[in-house]
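Take these sequences, add in the hints, and give me the full structure.
Residue numbers (UniProt numbering): 1 to 284.
Accuracy of the hints is not assured; some may be wrong.
Result set (DSSO-like, lysine-lysine): computed pairs, CA atoms no more than 30 Å apart in a straight line [as the list claims (entries may be wrong)]:
| id | residue 1 | residue 2 |
| --- | --- | --- |
| 1 | K67 | K249 |
| 2 | K179 | K76 |
| 3 | K67 | K176 |
| 4 | K179 | K67 |
| 5 | K212 | K76 |
| 6 | K176 | K249 |
| 7 | K212 | K121 |
| 8 | K76 | K176 |
| 9 | K179 | K249 |
I should point out that these hints are in silico values taken from the structure, not numbers from a laboratory.
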Amino acid sequence: MSSHNAAPYYFVPGPSRWPMLAGISLLITMIGASAWVNDASWGSTVNIVGILCTLTVLYFWFGDAIKESEGGLYSKRIDHSYRWSMGWFIFSEVMFFGAFFGALFYARAITLPWLGDLDHKFIWPDFAAQWGNTPAGVVESFTAMGPFPIPTINTALLLLSGLTLTIAHHALIAGKRGKTVGWLAATVALGAVFMCFQVYEYMHAYSELNLKLTSGIYGSTFFLLTGFHGFHVTMGAIMLAVVMFRVMKGHFTPEHHFGFEGAAWYWHFVDVVWLGLYIVVYWL
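Pasting the structure below:
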């Protein structure tokens, strides 16, 4: 027996339907998404249904895990298991964004100079080997996105959110739940403001800069990198909001609060990715 709430040596959960239902829900989601991007009339509806089903499954699945944790079934060995799992998950996210950063590097450092050499001048005489330019007649003209003012404001917001989250963590360790909730709420609010600015930036890109997902390799890499990052910010804010409500319910102790720490790891990862985006996508 473990010293933590007399938990079993290693907790083994019983049979669960949630993994199978999660797989089915994700399959429905991807079928709908594939049909949607191929202009099928039913694609958007199926995609939304799949997303709602996935969220429902996750709600009940994580609810079961929370009940097990609060029921004293998780020992230090389970805690270590969760830490390794979260670490490998974040590593997979590093590889995910690394693929997009790699595509951006390949396009800018290898493909662009190659297309701008003397041989290709006969094909696109008006093309200049400068990032953000496109051959005349290939795609609609657009204006590249700069670092001011919204990207810089968003950088400040995310850096500040990392600070407020760290303060909340120290407050939880000190046993100050009210302070923890307050600083967590501030972190979630900063994430929400970040996303509002991101939406405004996209509207500005489409309506005023004519920058779209179809604007060549520049538009593709810009919207994929910033869009997936925005999705991660949204997921991270939801995770922190759930953690905040759990703190309000008294679910964590100063000694045992990996649910909080896991969400914090994820949020700090999102911060670091944004710093890379801010430098590579908006400045260089």
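To see whether the hints hold, each was checked on the structure:
no. : hint          : result
1   : K67 <-> K249  : holds, 13 Å
2   : K179 <-> K76  : holds, 27 Å
3   : K67 <-> K176  : holds, 23 Å
4   : K179 <-> K67  : holds, 25 Å
5   : K212 <-> K76  : violated, 49 Å
6   : K176 <-> K249 : holds, 13 Å
7   : K212 <-> K121 : holds, 26 Å
8   : K76 <-> K176  : holds, 23 Å
9   : K179 <-> K249 : holds, 14 Å
This entry does not satisfy hint 5, going by the numbered hints stated previously; all others are met.
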